[in-house]
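Chains as they are written, first to last, in numbering that gives the first Met the number 0: chain A, 0 to 358; chain B, 0 to 358; chain C, 0 to 358; chain D, 0 to 358.
A few of these clues could be false.
Remember, identical chains collapse to one label, so a pair may be satisfied in a single copy or spanning two.
The list that follows gives simulated cross-link-like pairs (lysine to any residue, SDA-like), each with its CA atoms no further than 20 Å apart [unchecked claim]:
hint	residue 1	residue 2
1	Lys173	Asp186
2	Lys44	Glu63
3	Lys201	Met255
4	Lys44	Lys196
These are calculated hints, taken from the structure and not from any lab test.
There are 4 protein chains.
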Amino acid sequence: MSSTWHSFMDLTIFGESHGPAVGMVLHGIEPGIVIDETKIHEQLKRRAPGKSLTSERQEEDELEILSGIYQGRTTGSPVTGIIRNKNARSEDYESISGWMRPSHADYPALVKYHGFADPRGGGHFSGRLTAGLVAAGSIAEQALRNHFDLSVGSHIVKLGSYSEANWSAEDLIKSEKYRQMNIPCADPDTVRDLIEKVREEKDSIGGKLETAILGIPAGLGDPFFDSIESRLSQLLFSIPGVKGVSFGEGENFAGMRGSDANDPYFLSQGQIRTRTNHNGGILGGITTGEAIVFQTVIKPTSSIGMAQTSVDIRLMEEKEKTIEGRHDPCILLRAVPVIEAAAMLAIYDAYQKDTGFHD
Amino acid sequence: MSSTWHSFMDLTIFGESHGPAVGMVLHGIEPGIVIDETKIHEQLKRRAPGKSLTSERQEEDELEILSGIYQGRTTGSPVTGIIRNKNARSEDYESISGWMRPSHADYPALVKYHGFADPRGGGHFSGRLTAGLVAAGSIAEQALRNHFDLSVGSHIVKLGSYSEANWSAEDLIKSEKYRQMNIPCADPDTVRDLIEKVREEKDSIGGKLETAILGIPAGLGDPFFDSIESRLSQLLFSIPGVKGVSFGEGENFAGMRGSDANDPYFLSQGQIRTRTNHNGGILGGITTGEAIVFQTVIKPTSSIGMAQTSVDIRLMEEKEKTIEGRHDPCILLRAVPVIEAAAMLAIYDAYQKDTGFHD
Amino acid sequence: MSSTWHSFMDLTIFGESHGPAVGMVLHGIEPGIVIDETKIHEQLKRRAPGKSLTSERQEEDELEILSGIYQGRTTGSPVTGIIRNKNARSEDYESISGWMRPSHADYPALVKYHGFADPRGGGHFSGRLTAGLVAAGSIAEQALRNHFDLSVGSHIVKLGSYSEANWSAEDLIKSEKYRQMNIPCADPDTVRDLIEKVREEKDSIGGKLETAILGIPAGLGDPFFDSIESRLSQLLFSIPGVKGVSFGEGENFAGMRGSDANDPYFLSQGQIRTRTNHNGGILGGITTGEAIVFQTVIKPTSSIGMAQTSVDIRLMEEKEKTIEGRHDPCILLRAVPVIEAAAMLAIYDAYQKDTGFHD
Amino acid sequence: MSSTWHSFMDLTIFGESHGPAVGMVLHGIEPGIVIDETKIHEQLKRRAPGKSLTSERQEEDELEILSGIYQGRTTGSPVTGIIRNKNARSEDYESISGWMRPSHADYPALVKYHGFADPRGGGHFSGRLTAGLVAAGSIAEQALRNHFDLSVGSHIVKLGSYSEANWSAEDLIKSEKYRQMNIPCADPDTVRDLIEKVREEKDSIGGKLETAILGIPAGLGDPFFDSIESRLSQLLFSIPGVKGVSFGEGENFAGMRGSDANDPYFLSQGQIRTRTNHNGGILGGITTGEAIVFQTVIKPTSSIGMAQTSVDIRLMEEKEKTIEGRHDPCILLRAVPVIEAAAMLAIYDAYQKDTGFHD
């Protein structure tokens, strides 16, 4: 089912943006992993609005753990966490009730759920649901770090007119520090100005991120339906706004020759390594031991402050309306921890499948 | 498990490129669907090598149906099909045994399977396994066409230096005819020359396809982990060589404004439609009723005819070797029916989940 | 994973008996079903201790719905419910910490979870977790009743020396009224006295229930791994204490001839019916339209008030100890609503698989 | 889906009794396991009709392995095996076409599959499909024996008027030798005479088996939905004719006291063991390290040689008919290897889930 990810682990995210709470149940995590709740909160804070310029909404996402952690360690039973909804101004949405917001899920959800979906905010379709994904991902990351010396980071490769090169080997080594940046790129000021301008124009803007994970050994993943690419993309495309996912050279592959794109092996201190990493650390769906590198394209926020013309389903006629309330001009920044969380879940799940529930 | 796709339906693909047979079991297809086996063979033929310039290997992929079809109709029980392997020249691979082919799965598979994977050709990692996917996809397509008036097609948007624009609304309507083309694009001669040149240089080349499916109603799919994007990408990334998947505007979204990217609704003969379709027929993971449009990036074939230097695992030293045998200079052309098959499976599965095993 | 049931629907139960809360997430229920929360509470009350003589512990199981229900109807999104734990006397368990309680999960859980499972009470292994199952089952029942005119009931066929015959056709019709009985059988006084005596002797007692569900049409379920028997037994054996499940004649089949056990068809007012129902309404794993009838064997409560000798894992020596606290002398009575809930889930899930997410 | 078992491993069984072949795909078995195909054939032979008095039909079940085994070892990829159907006399079934055989799946399958199921013999519902289960179980058993010193065996505890006691500790040790017996019980001659008599009377008879597995360590399995009981019962109830499953004392629990039924721990040569094993080696759904013991009730064969009256669906009237062809008077004997195969699959799957794909 759509809000349950069923693999070696099971993750269910639940809630509606204006209901009592959102949350998650993560099942299948090995027992005995030390979980630092402050680290979960750090990640939730990276996702929360208001952290930078990107939104005015101030949410305090306080996670209450209901099960699965005892004396600071995972028990092996389902870990449940809930975040109460506060400060949700439902009235912002009332004026547009019945009006199918352009590029939102309103209309297809109406068809699918026969009009019974919770219409307040985005209901269950809200980006707020990704808070559960972030909490689960932080737990997975803490478990992974118990086994491996990880480095995780993301940077902006494109955002409107701004662009920068894919990561080089040197950049990869420094990737972890990008997690401390609100605008993870080489020139945050330019990007901040760009987003600020977009906001002033009551518009929004899309972008593209590149994420790297260093420290994962060779041999995780599978061919075909459980390839690391398949697992990662399933989770990444579950994040609202994501419209493209690519690995390694990604888009560049379309113009490359095999003689340039191949990654030959060599021996580095007795270890088998590849001289280049065009394939982003994955071959045949399985990790090669090199950095896992992928790109994620995020569309411009659908909610913009401008007036738009769309269909009012109750009147069955077109109406011009303006979506009131607070809008993120660029959800890409808040998506960074969600994308990283998805990656942690996909990789930890692959790891556990190979090594078992209790390693 | 990696070679079983488990959703509403279950699909298992099995076999090794030099073993007795490859094949598939597709379970969960509704009973009573008329299956025309010649249509399955048509699709298999599109995937087979030797259909155009793209390879010299001549396989006759003859599918034997072992179960699930009785008197020309699906019974509701698992449909099993096998294709015997013939004409497989294992000796081509012996000279490179132990030598880790660059950008193949050899090395990660060695780590994962502890050296027990079938090493002949690509073993279970071979692109030949996608024949099972094509057969299953053709069955899914025939079932879908029982319910909807479909149109399906793909074209090349990039292939080395060649590029053409994403499909316009008019192109989409003509998409079906691209299925009859060996090189589905506006200028097949140029592309043929390009590939021929690459082959002469013993190299290979990557590319990017765009695929469209017209005729799917609004309301199929789900938010989050079962979004149409998640389902499709899981299957697309299971195809060897696929390194990027995007939807609608895809990569373009990274430079777009919300005011340009949004798809407002209007009324067209009493029906709710979107004026534009930047989102590729999917919002909130659910179909909107517009054409489903996605792009797939395929890397250059890993097997090239040039000499390459890589590690021989038995000697634990670097060796220069040449991969003998027949190579596709551009697997993109053979990938077209595989990509379309994956799309048919993903969409039919979503359809059945919503309407049930017997509609 | 073990606490997630993954079928057409997904159900996760979570919590520990002495943690903050227990609860459940039920995903995949069709949208628009009217949910009466008082009916959920009625079922929870049937499961709660203290409802009859069977335990002294007084829990008030108050369910808080966190998601998936809006304006009294299911939305189609995950339904989450939590029940806070109160009145849990952890100290009762401290004196036996490290002592492997006979016939509890203590020892195998210690091996499996490497000592990290929550040891308070039964932790995640507690029968208290079945509260989530009951809540989910009540929702499934309300959905089923939206489609069918159901009748559901259970009676005691054996409890120590007490026994009564399997249900006749006439009994079946009256089955629903057994749900109002604390001790659902022909002679509640005798059974009450028997249990009372067992309690005075600080002992416990096992039993066997028979459950019937009337009103389910023919054609639900599947052959093999998704047979109605397979689905039901998977859920029934997930209930702590259940050690036997049988269908229709159940145990009697072992002594029967085919000529006696077969259920021939006849025409009853133009409808195909069976003259007898030895098979309990299921053939080939699929419902026949007759009453679904099954038996459940429940072992005596493992926690008894007598002193027992078992191994203390910390000292690695045998110790005689007495388990303090409140014990149910016969968990069978509290198991009735849990068993009925499991049946409702299994059948509703089979129904939805055949008719789809939105019928 | 019903003919795919989806757990840590995936098993799909396919085929129809009068189609080209039956078979199975088993996916998720660890790489490198030595597979002796003669051992698979031994198990298939135990299941085949004609091995004893129990049927006249002579099938030669020759398994052809199509994938997943290379040079005598599992590769880690899906193992596919097919058995061609020969000697299937479809004409035996023609005379009863449209006549709903009592206690067969004909009628519910008609409703479910809308008349499109293969009607020859039992079609996909045939007991012949269990050949695939036996082959898969033999592979699982060989893998398990690679890790543990197993002993597996079954005996008849009831068959019509014949009955014998559940296994004692001493019997358990000798359990393995029961596998060599066509009629595994203390008095095979009596049982043979009984079955012979039933056959002469053109009738059939049910029975009950007890199966034991020794050598499985403590700690496998899970609470709730993946309990060893839940896993085993799901697979056991997928075997046509199985109508009851119980563990340890099974039915006896209904009359027992906790003080008798509890299994206290003691120290045996430094190891934690239970003095008794009333619980059949499973507590809280997890193995205790003691023998896994369960009972299976099998109903009398539905196909009997007597005339019976049932509904002819084409005429919509009752007709007396006789099912021609060869009937097993007691399928219990042929069910023994199927039951043992199901147990091997369930346990090996639980083992792999805990230890991972490559141990």
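- Looking at the structure, which of the earlier hints fail to hold? 4
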